[in-house]
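**Student:** Residue numbers (my numbering), protein chains in the order written: chain A, 94 to 216; chain B, 51 to 423.
Take these hints with a grain of salt, some might be off.
Claimed, not checked - In silico lysine to any residue, SDA-like type, Cα no more than 25 angstroms apart, as pairs: (1) A:Lys-166 with A:Lys-187; (2) A:Lys-139 with A:Lys-207; (3) B:Lys-406 with A:Lys-207; (4) A:Lys-166 with B:Lys-175; (5) B:Lys-94 with A:Pro-178; (6) B:Lys-94 with A:Leu-175; (7) A:Lys-154 with B:Ala-170; (8) A:Lys-207 with A:Lys-154; (9) B:Lys-134 with B:Glu-225; (10) A:Lys-176 with B:Gly-405; (11) B:Lys-175 with B:Trp-80; (12) A:Lys-154 with B:Asp-402; (13) B:Lys-60 with A:Lys-187; (14) B:Lys-329 with B:Ala-174; (15) B:Lys-277 with B:Leu-311; (16) B:Lys-73 with A:Tyr-186; (17) B:Lys-94 with A:Val-156; (18) A:Lys-139 with B:Asp-402; (19) B:Lys-73 with B:Gly-239; (20) B:Lys-114 with B:Ala-171; (21) B:Lys-323 with B:Gly-115; (22) A:Lys-139 with A:Ser-98.
These aren't lab readings, by the way, just hints derived from the structure by calculation.
In this text the structure is predicted, and so the values were computed from the model without any measurement.
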Amino acid sequence: MNFPSEFKYTKDHEWVSSADSKIGVTAYAIEQLGDIVHIELPEVGKELKHGASFGTIESTKTVSDLYMPVSGKIIAVNQAVLKSPESLQMDPYKNGWLIQISPVGEATGLMSAKDYETFVAGH
Amino acid sequence: MSDTNDTSLKTPLYHQHKACGAKVIEFGGWLMPVSYTSVLAEHKAVREKCGVFDVSHMGEVRVKGPQAEAFVQHITMNDAAKLKPGQGQYSALLNESGGMIDDLIVYRLGVDEFFICINAANRAKDFQWISSHAKSFNIEVTNESDRWAQLAVQGPTSLEAMLAIIDPADRSTLEALPYTNIAKARVAGRECLVARTGYTGEHGYEIYLPADHAEKLWLALLGTASKSGIVPVGLGARDTLRLEACYLLYGNDMNDETTPLEAGVAWAVKLNKPGFIGKEALVQQKANGTKQKIVALKMKEDGIPRHGMTVYWRGEPAGFVTSGSVLPTVGGAGGMAMVASGVVENDELEVDIRGKRKLATVVKRPLYSAKTK
Numbered sequence: 094m095n096f097p098s099e100f101k102y103t104k105d106h107e108w109v110s111s112a113d114s115k116i117g118v119t120a121y122a123i124e125q126l127g128d129i130v131h132i133e134l135p136e137v138g139k140e141l142k143h144g145a146s147f148g149t150i151e152s153t154k155t156v157s158d159l160y161m162p163v164s165g166k167i168i169a170v171n172q173a174v175l176k177s178p179e180s181l182q183m184d185p186y187k188n189g190w191l192i193q194i195s196p197v198g199e200a201t202g203l204m205s206a207k208d209y210e211t212f213v214a215g216h
Numbered sequence: 051m052s053d054t055n056d057t058s059l060k061t062p063l064y065h066q067h068k069a070c071g072a073k074v075i076e077f078g079g080w081l082m083p084v085s086y087t088s089v090l091a092e093h094k095a096v097r098e099k100c101g102v103f104d105v106s107h108m109g110e111v112r113v114k115g116p117q118a119e120a121f122v123q124h125i126t127m128n129d130a131a132k133l134k135p136g137q138g139q140y141s142a143l144l145n146e147s148g149g150m151i152d153d154l155i156v157y158r159l160g161v162d163e164f165f166i167c168i169n170a171a172n173r174a175k176d177f178q179w180i181s182s183h184a185k186s187f188n189i190e191v192t193n194e195s196d197r198w199a200q201l202a203v204q205g206p207t208s209l210e211a212m213l214a215i216i217d218p219a220d221r222s223t224l225e226a227l228p229y230t231n232i233a234k235a236r237v238a239g240r241e242c243l244v245a246r247t248g249y250t251g252e253h254g255y256e257i258y259l260p261a262d263h264a265e266k267l268w269l270a271l272l273g274t275a276s277k278s279g280i281v282p283v284g285l286g287a288r289d290t291l292r293l294e295a296c297y298l299l300y301g302n303d304m305n306d307e308t309t310p311l312e313a314g315v316a317w318a319v320k321l322n323k324p325g326f327i328g329k330e331a332l333v334q335q336k337a338n339g340t341k342q343k344i345v346a347l348k349m350k351e352d353g354i355p356r357h358g359m360t361v362y363w364r365g366e367p368a369g370f371v372t373s374g375s376v377l378p379t380v381g382g383a384g385g386m387a388m389v390a391s392g393v394v395e396n397d398e399l400e401v402d403i404r405g406k407r408k409l410a411t412v413v414k415r416p417l418y419s420a421k422t423k
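Whole structure, please, built from the sequences with the hints as guidance.
**Tutor:** In structure tokens form, the structure reads like this:
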């Protein structure tokens with residue numbers, strides 16, 4: 094499974110790009126969820142704290158909360174994945190980003206790609 | 051998502067599911083395949099071609115003896131006396147208050163012999179209930195749940211898949227088998243019971259087979275794939291398929307406190323037959339009118355209704371979603387809800403989806419119906 098090395102990861106299976114502060118969910122999460130049928134994301138401009146729910150991702154069977162890997166203000170929401178949530182299954186990273194934020198403060202408790210890979214291997 | 055719980059039960063096909071790459075979950079104490087490839091792909095396969103489901107977790111109870119008919123009449127709500135040998139009917143066990151202990155299929159195998167298929171999660175409860183009422187009848191009640199595996203073969207090409215593995219001597223029986231009927235047939239080399247029933251809304255069969263024949267029959271069915279297009283289908287698609295067809299799921303859509311009049315299966319209640327457990331309560335409820343009923347709904351706005359979400363009608367809370375999902379064949383999202391009995395078709399409802407009220411419309415049941423079943 095592919096976990097790009099330029100991203101940082103959470104235990105809840107979100108990724109965050111330090112280059113442009115885009116946030117998404119990992120290929121592992123997508124595989125666990127199965128068919129993605131619905132995604133809800135916040136309005137641009139909303140400020141959310143680290144660990145707060147910024148939306149939901151829904152498969153045929155379950156609804157999962159999405160959590161902020163870092164505190165920040167939402168500056169963009171990916172309208173394309175809202176329209177076709179199933180596209181996440183093909184590409185959860187490049188075109189599959191969910192939100193872009195303007196981060197506030199330092200990110201803490203995030204894992205490197207290598208650590209995340211070890212983390213999910215233990216599941 | 052652990053699949054190593056030692057106390058969980060496994061069907062005889064557990065290793066086949068793992069070999070097919072199934073994602074396995076615990077369901078009602080059983081380790082069952084939720085999907086093999088994707089829920090949506092498996093759903094589509096059943097609507098367009100054919101799927102095979104391992105439903106060996108379902109229970110089977112046999113009632114045999116001179117008073118078998120009188121007993122089945124006493125404990126179930128449909129009219130079992132109307133069944134000729136080889137015929138089956140949808141029915142339910144009711145408690146004294148008319149609440150549904152379980153919904154089930156009653157098959158008549160012979161003049162004095164009935165075969166009842168019950169829900170997996172209710173196996174112990176049902177058998178105890180049935181046994182406790184059997185004492186004053188001259189009958190023998192056997193819980194045969196562990197003896198039988200059960201496979202459902204569902205979809206437009208299901209007959210083709212079945213004909214490929216059935217003994218040539220039984221082909222004409224299968225081809226002529228009417229909906230809800232059951233017949234003995236040799237399938238992949240052993241005698242089985244084959245019923246023309248299902249839980250998907252498609253033409254299909256449910257095969258009751260000896261547990262030690264399950265692997266052979268499973269592989270034989272999958273071996274017809276190049277012709278029938280059959281694929282293994284998990285519980286995920288089983289749920290979306292049955293929901294589009296508006297078949298009830300025990301524990302979600304109804305329970306011990308729901309009467310069949312409320313659950314939308316009044317057609318299977320025969321109040322004109324001799325007394326049965328729960329009849330008095332239903333007669334009274336019918337006279338007084340039901341306060342709530344099951345309706346089908348389709349979302350008009352974004353969002354997926356899920357079990358337990360509150361439903362608003364004319365601005366007031368009027369019930370809750372009993373089952374909800376995306377509707378892969380119908381399109382959009384929808385489901386069923388238990389609502390105030392004043393709600394009628396085409397009414398607008400609001401579903402509280404995580405704090406936001408989203409518009410839905412009451413539609414005719416079922417949400418989906420096949421051209422031929």
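**Student:** Next step is simple, just say for each hint if it's right about the structure.
**Tutor:** Status of each hint after checking the structure:
no.: 1; hint: A:Lys-166 with A:Lys-187; verdict: holds (21 angstroms)
no.: 2; hint: A:Lys-139 with A:Lys-207; verdict: violated (32 angstroms)
no.: 3; hint: B:Lys-406 with A:Lys-207; verdict: violated (39 angstroms)
no.: 4; hint: A:Lys-166 with B:Lys-175; verdict: violated (54 angstroms)
no.: 5; hint: B:Lys-94 with A:Pro-178; verdict: holds (18 angstroms)
no.: 6; hint: B:Lys-94 with A:Leu-175; verdict: holds (23 angstroms)
no.: 7; hint: A:Lys-154 with B:Ala-170; verdict: holds (20 angstroms)
no.: 8; hint: A:Lys-207 with A:Lys-154; verdict: violated (30 angstroms)
no.: 9; hint: B:Lys-134 with B:Glu-225; verdict: holds (19 angstroms)
no.: 10; hint: A:Lys-176 with B:Gly-405; verdict: holds (22 angstroms)
no.: 11; hint: B:Lys-175 with B:Trp-80; verdict: holds (16 angstroms)
no.: 12; hint: A:Lys-154 with B:Asp-402; verdict: holds (18 angstroms)
no.: 13; hint: B:Lys-60 with A:Lys-187; verdict: violated (41 angstroms)
no.: 14; hint: B:Lys-329 with B:Ala-174; verdict: holds (24 angstroms)
no.: 15; hint: B:Lys-277 with B:Leu-311; verdict: violated (43 angstroms)
no.: 16; hint: B:Lys-73 with A:Tyr-186; verdict: holds (24 angstroms)
no.: 17; hint: B:Lys-94 with A:Val-156; verdict: holds (22 angstroms)
no.: 18; hint: A:Lys-139 with B:Asp-402; verdict: holds (22 angstroms)
no.: 19; hint: B:Lys-73 with B:Gly-239; verdict: violated (30 angstroms)
no.: 20; hint: B:Lys-114 with B:Ala-171; verdict: holds (24 angstroms)
no.: 21; hint: B:Lys-323 with B:Gly-115; verdict: holds (21 angstroms)
no.: 22; hint: A:Lys-139 with A:Ser-98; verdict: violated (28 angstroms)
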